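So the sequence lines, in the order shown, correspond to chains D and X.
If you read the first sequence in the numbering used here, its first letter stands for residue 11, the second for the next number, and so on.
If you read the second sequence in the numbering used here, its first letter stands for residue 111, the second for the next number, and so on.
Read the hints as simulated data drawn from the structure, not as lab findings.
This one's a predicted model, so the numbers in the text were calculated from it and none came from an experiment.
Errors might be hidden in some of the hints.
[As the list claims (entries may be wrong)] Quick list of simulated restraints, FRET-style, between CB atoms:
| id | chain 1 | residue 1 | chain 2 | residue 2 | range |
| --- | --- | --- | --- | --- | --- |
| 1 | X | Asn204 | D | Val146 | 56 to 62 Å |
| 2 | X | Gln573 | D | Ala110 | 40 to 46 Å |
| 3 | D | Phe88 | X | Gly340 | 31 to 37 Å |
| 4 | X | Gln172 | D | Ser38 | 45 to 51 Å |
| 5 | D | Asn167 | X | Asp245 | 52 to 58 Å |
| 6 | X | Asp357 | D | Trp77 | 25 to 31 Å |
| 7 | D | Trp46 | X | Thr554 | 32 to 38 Å |
[To be verified] According to the in silico footprint, chain D covers these stretches of chain X (three or more CB under 8 Å from chain D):
| id | stretch |
| --- | --- |
| 8 | 216-223 |
| 9 | 540-554 |
Ideal placement from N, C-alpha and C gives every residue a C-beta, glycine not left out.
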Amino acid sequence: MATTTAQTAAAEQHRASERKRERRETLSGYMFISPWLIGFLIFTLLPLIGSLYLAFTDYNLTSAPEWVGLQNFETMFFNDPRYWKAVRATFYYVFAAIPARLTFALAVAMILDNHRRGIGFYRAAYYAPSIIGGSVAVALMWRRIFASDGVFNGFLNILGVPASQAWIGLPSSAIWTLILLAVWQFGSPMLIFLAGLRQIPESLYESAEIDGATPWRKFFHITIPLLSSVIFFNLIMQLISGFLVFTQALVITNGGPLDSTLFYALYLYQRAFVNFQMGYGTAMAWVLLVIIAIFTAIAFKTSSAWVFYEDEG
Amino acid sequence: MKRFFKHPMHLFLVLIAMLLWLVACSTDEGTATEPTTDSAEVAGDMEESDSAEDPSDSSAAQEEFSLQWWGSQDRHERTIATVELFQESHPEYNIVYEFVGWGDYWTSLATKGAGGNLPDVIQQDYARFFQFAQDGLLIPLDPYIESGVIDLSSVPDSAIEGGRIGDELYALSLGTNSQSYVIDLDIFEEAGVPVPAPDWTWADFEETVMAIHEATGKYGIAGGWATDNGQVNALYLSLGSGFYSEDGKSLGFTDNPQPLIDHYAMIMRLQDAGAIPHYSEESANPSTLETNKFVTGDAAMYFAHTNQFVALNTAAGEDRNLMMLPVPRSVDATQSANFLKPSMFFSLTSQGNNPDAGAIFIDYFTNSVEANEILAAERGVPISTAIVEAIKPVVSAPSAATFDFLAGLDVSPIRPPDPTAHGDLLTNIYGPQVMEPLLFEQITPEDAVALLIEQGNALLANQ
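Go ahead and model the full structure; you've got the sequences and the hints to work with.
Here it is as C-alpha cells:
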C-alpha cells in the first residue's frame with residue numbers, strides 16, 4: 011500500500027514538473043518569437059485595422075479622413091467600369107499564368123531530377139531567372155524584347171515570319187507578354203517540386219518498371235499522386251502571388267493598352283497613390299483579400315479529393 | 111527545433127543578431143548629429159597642430175533646409191548647379207535636395223505630407239497648389255515679402271497673381287510659359303512644305319502633317335500629342351471656352367461637341383494614313399522629352415510647353431534648326447488658342463523645419479543674375495524684368511528664342527485653375543475610356559465625345 015502511494019506521489023510530482031517544464035518551454039518559445047510578434051502587431055495588425063477603417067472613408071492623404079459608409083464599395087461594384095476591367099484582367103492572368111508556370115516548373119524539375127555530373131550547375135542556372143525576374147531591370151528588358159524593333163520580332167523575322175507589331179502596345183497581345191514573363195519565373199515552384207520529387211522512393215518506380223509500366227503511367231500513377239501535396243502547396247502559394255501581380259504591369263505596360271493589363275493591385279495603386287483616393291484604394295484591397303480568401307478556401311475544400319498525404323495511410 | 115534553441119551557442123548568435131538589428135535601426139538618428147561632432151573635432155585638431163587662422167567651424171553652425179522639384183534631366187542639372195552656387199555664396203546653409211519625374215513627384219509629396227515630412231521648399235503646380243493650401247500644408251509668403259527677404263521690386267504684379275488665394279500669396283511663380291508646336295525647319299525644307307503662319311488652324315495642321323509624311327515618309331508630329339487634353343482646352347479656348355466650364359462643374363464643350371468630334375476624326379485620319387505614330391507604338395514606348403521621335407529626327411513637329419524648348423534643344427543637339435509656333439486654332443476661331451501661365455511655383459510648407467532659410471533661397475532663385483544664367487529660363491521666362499534684361503544677352507539661343515516668342519505671342523486670357531477632379535478625370539476617364547478606345551478604333555469619334563461628356567460631367571458634378 012505504502013509503495014503504491016509513494017508511486018502515485020512520485021508520478022504526481024513527475025507530472026507537475028513536466029507541466030512546469032512545458033510552461034517554461036512555451037514561454038521561452040514566445041520570447042524567441044517576440045521580435046517578430048511585436049513587429050507583426052505594430053507593423054501589420056495595427057495598419058490592417060487602420061485600413062479597414064479607411065475603407066469606409068474618403069481620404070486624400072493630406073486632409074482628415076471623412077466617413078462615407080459603404081459608398082466606396084457601391085462605386086466599385088456599380089459605378090466604376092475600370093474596376094471590372096481590372097478584375098477581368100487579373101482573373102485572366104491568374105488562370106493563364108499560374109497553371110502554365112506550375113506545369114513548366116514541374117517539367118523542368120523532372121528533367122533536373124537526376125544524378126548526372128554538374129546537375130547542381132543546371133539547377134542554379136534554371137533557378138536564376140526567378141531571383142531577378144521580379145526586378146524592374148528585367149521588366150524594362152522585357153519591354154525592349156517585345157517592342158516593334160525588339161528581339162522577339164527579330165527572331166520571328168529570322169524564322170521567315172514578317173512581324174513589326176509592338177506586342178506590348180496591342181490590347182490583344184500585351185497581357186500574354188506578362189504571362190510569358192510569369193512562366194519564365196518558374197524557379198521557386200521548380201525548386202519545391204524538385205525537393206518533392208526527391209522524396210518519392212525509387213523502389214516504387216523500380217517495381218512499376220518490373221510490372222511493365224510505361225513512363226506516362228508511372229508519371230500519372232506514381233509521381234502525381236505522391237507529389238500531390240507539394241503541387242497543392244505550390245498552387246496555393248502561386249494563386250496568392252498571382253492575384254497580387256503588380257511590378258511587371260506597372261513597369262512594362264502601366265495597365266494599358268485599353269486596360270488589358272490593368273491588374274487589380276495596379277489599379278488599386280493608381281487609385282490610392284496617383285489619384286490619392288486612399289479610402290477607395292483600401293476598400294479595393296479588402297475586397298481583394300476576400301477574393302483571395304475564397305479561392306484559397308476552395309482549394310483547401312477540394313484538396314481532400316485529390317491531395318494524398320502519405321501519413322494518412 | 112527545440113534542440114536548436116537550447117544550445118547556448120545558438121542563443122548567443124540569436125542575441126547578437128538582435129543586437130545588430132537594434133543598432134542598425136538607431137543609426138538613422140545617430141547620423142544627424144555625427145557630422146557636427148566630427149567636424150568640431152577636426153577643427154580642434156587643426157587649431158592644435160597648425161594653429162590655423164580660420165578654424166572652419168562653419169559646418170558645425172550650418173543650417174539645413176530641404177528642397178524638392180520635378181523635371182527632366184536638363185532641369186535637374188541646372189537646378190543642382192544653382193543649389194551649389196547658392197551654397198558657395200551662403201556657406202551657412204546646407205540644402206538637402208531631391209528630384210523626381212512629374213508622375214512620382216506628387217506621390218512622393220502626398221506620402222510625405224501625410225507623414226508630416228514635407229520639405230521646406232517644394233515646386234508647385236497651378237492645378238495643385240490650391241488643394242495643398244486648403245489642406246494647410248503651405249504657409250503664405252507675404253511676411254517674407256513685407257520684410258524684404260523675398261524682393262519682388264522688379265516683378266510686375268501680373269506675374270505673381272496666379273499664386274494668390276484671396277489676399278495671400280502661397281506660391282511664387284518661377285517663370286511664365288505657354289504651349290507651342292516646335293517644328294524642325296530642316297525637315298520642313300526637305301519636304302518642301304512652307305512654315306505655317308502663327309494663326310494657323312487645325313485644317314492647316316492636318317494639311318501640313320500629311321504633306322510632310324507624303325514627301326519624306328517621316329511622321330508629321332511625334333507621339334503623345336493626340337492624347338493630351340491640353341489640345342482640347344486650346345481648341346475650345348480659341349472658340350471662347352475651355353476644357354472645363356468657368357465654374358469647373360462641367361466640361362466646357364457640353365453644349366458644343368462638334369468641334370471636338372471633328373478634332374478626333376482628324377486624329378483618326380492621320381493615324382490611318384500613318385502620318386502620326388500609331389497609338390500602339392506610343393503605348394508600348396511612351397514618349398519622353400529626351401527620347402521622342404522628334405528628338406531622334408523621325409518627326410517634323412513636337413507639342414511642348416515653351417519652357418521645354420531649352421531642354422528639347424539640349425536633347426536634340428546643337429546642329430538642329432528648331433522653331434516654335436503657336437497652338438493651331440479652330441477654323442472658326444474668335445481668339446488665340448494660346449494663353450500665358452505660370453509654368454510652376456515654389457511654395458514654403460508648414461511642415462518644413464526652416465522656412466526662413468527657404469525664403470532666402472526663393473529670393474536667390476528669383477533675383478540672382480548668376481543663378482538665372484544657369485537656370486536659363488528652363489522653367490519659363492523669369493518673372494523679374496530686371497533678370498530678363500540682364501540674362502538675355504548671355505543665355506543660349508534657345509532661351510533667347512523663348513523670350514522673343516512669348517513677347518510676340520498673341521494670347522487669350524487664362525482659364526480658371528483645373529477643378530480638383532481633374533486628375534481623376536484624366537487618369538480614369540479621358541485616357542482609358544475615351545482616347546484609348548478611340549485610337550484602337552473601338553469607338554467612333556461621336557461615341558468618344560458623347561461618353562466623355564456623360565462620364566466627365568457626372569464626375570465633375572460629384573466632386
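Evaluation of the provided hints:
no.	hint	in the structure
1	Asn204(X) with Val146(D): 56 to 62 Å	violated, 31 Å
2	Gln573(X) with Ala110(D): 40 to 46 Å	holds, 43 Å
3	Phe88(D) with Gly340(X): 31 to 37 Å	holds, 32 Å
4	Gln172(X) with Ser38(D): 45 to 51 Å	holds, 50 Å
5	Asn167(D) with Asp245(X): 52 to 58 Å	holds, 55 Å
6	Asp357(X) with Trp77(D): 25 to 31 Å	holds, 28 Å
7	Trp46(D) with Thr554(X): 32 to 38 Å	violated, 58 Å
8	216-223	holds (count 5)
9	540-554	holds (count 6)
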